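Colleague: First to last, the protein sequences are chains C and S. Going by our numbering, the first sequence opens with residue 1, and the numbers climb by one from there. Going by our numbering, the second sequence opens with residue 1, and the numbers climb by one from there.
Mixed in with the good hints, there may be bad ones.
To be verified - From the structure, some residues in chain C lie toward chain S, with a derived Cβ separation under 8 Å: (1) I44; (2) N48; (3) I49; (4) V55; (5) A57; (6) K73; (7) A74; (8) L79; (9) R81; (10) K120; (11) I121; (12) I122; (13) L144; (14) L148; (15) F151; (16) I152.
Hints are computed from structural coordinates only; laboratory data are not their basis. Here the structure is a predicted model, which is why all the values come from computation and not from measurement. All C-beta atoms, glycine included, are put in the ideal place defined by N, C-alpha and C.
Protein chains: 2
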Amino acid sequence: RILLFLHQNFTRHAPPQLLKRTLDSLKLGTKRNILQIQPDTKLIDALNIFVEFRVSALPIVDSNGVVVDIYAKADCLSLARERGYAKLELPVLQALTHRMNFEGVQTCSQHDTFGDVLEKIIGANVHRLIIVDQQKRLQGIISLSDILAFFIGK
Amino acid sequence: RILLFLHQNFTRHAPPQLLKRTLDSLKLGTKRNILQIQPDTKLIDALNIFVEFRVSALPIVDSNGVVVDIYAKADCLSLARERGYAKLELPVLQALTHRMNFEGVQTCSQHDTFGDVLEKIIGANVHRLIIVDQQKRLQGIISLSDILAFFIGK
Ligand SMILES: Nc1ncnc2c1ncn2[C@@H]1O[C@H](COP(=O)(O)O)[C@@H](O)[C@H]1O
Ligand SMILES: Nc1ncnc2c1ncn2[C@@H]1O[C@H](COP(=O)(O)O)[C@@H](O)[C@H]1O
Numbered sequence: 001r002i003l004l005f006l007h008q009n010f011t012r013h014a015p016p017q018l019l020k021r022t023l024d025s026l027k028l029g030t031k032r033n034i035l036q037i038q039p040d041t042k043l044i045d046a047l048n049i050f051v052e053f054r055v056s057a058l059p060i061v062d063s064n065g066v067v068v069d070i071y072a073k074a075d076c077l078s079l080a081r082e083r084g085y086a087k088l089e090l091p092v093l094q095a096l097t098h099r100m101n102f103e104g105v106q107t108c109s110q111h112d113t114f115g116d117v118l119e120k121i122i123g124a125n126v127h128r129l130i131i132v133d134q135q136k137r138l139q140g141i142i143s144l145s146d147i148l149a150f151f152i153g154k
Numbered sequence: 001r002i003l004l005f006l007h008q009n010f011t012r013h014a015p016p017q018l019l020k021r022t023l024d025s026l027k028l029g030t031k032r033n034i035l036q037i038q039p040d041t042k043l044i045d046a047l048n049i050f051v052e053f054r055v056s057a058l059p060i061v062d063s064n065g066v067v068v069d070i071y072a073k074a075d076c077l078s079l080a081r082e083r084g085y086a087k088l089e090l091p092v093l094q095a096l097t098h099r100m101n102f103e104g105v106q107t108c109s110q111h112d113t114f115g116d117v118l119e120k121i122i123g124a125n126v127h128r129l130i131i132v133d134q135q136k137r138l139q140g141i142i143s144l145s146d147i148l149a150f151f152i153g154k
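Next up, chain C with everything else stripped away, as it sits in the complex (with noise of 0.2 Å):
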């Protein structure tokens, strides 16, 4: 079965030091064709793109490329409960302002290890890590899928 053969194959040569090679050795990630917003995108906008291409999430990037936020399928719950309609015209960042405990978006460097990129994605339970060089500007994303297919070998 092929399942089985990736699985063994990859278990014998999955090295030891996995954890700490970099995500950029490790080709982990989504580096081109990024799907990504700017802060004055509408939300409808924004909504039809998840739809559209079932990602789950969107870096918001400034014209200078910098990632200033991030509007995740999640963040369209509220809007549902409170009947949002009228605000499906609104640009995205406005329409994030009432967001409660963020601490920002999290992000990593294509420098990071993958054990560290692991540790960061499990301590802020988020779904997915934001690719950034050190200007801060968008490089990629890193998703619990990649890590899935990655570790299966896919």
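Fit chain S with the ligands to the known structure of chain C by using the hints.
Modeller: Just chain S with the ligands now, kept in the frame of chain C:
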């Protein structure tokens, strides 16, 4: 623009009682072809379903169709952290025993109101509820993705 049309259309027809209507009457959630696993399904087989079908969780169902637990994509994180390759051949239920602060599977009924479902999802901080009947047998799934698509009228 079609988005604008949909949005305006939806706004006009959205009854204020929307939150009081049942999932059933709104046809909200997925009721057919629910991807599910058994307590003795091997972890590796569960992970492969995630990668192949891009759903975010699998209800664990016993031989009577009763929902006994749930395996979510996020549950694989601990595996990756512990380099748990050896665990991939374990039954999924066994791999879940160390899970902390787990309050049981969050479920709802197809006769629950949309408002109640929203409150439960927000309160339990989960991505989806499993829809069950009075005997806790699997009926379907309602996830953030469904609510989002419904909200923008798609
Ligand atoms: N905004 C985004 N743009 C492009 N790809 C993304 C985005 N968010 C997540 N992904 C990738 O899409 C896949 C599924 O992501 P997710 O549904 O967020 O777990 C993973 O390979 C992610 O790296
Ligand atoms: N285990 C599953 N089997 C079948 N459909 C599912 C399952 N989990 C979620 N879905 C549906 O798949 C879509 C995306 O779900 P999710 O990625 O969990 O937000 C939604 O329409 C869900 O109702």
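Colleague: Which of the numbered hints above does this structure break?
Modeller: 3, 4, 5, 10
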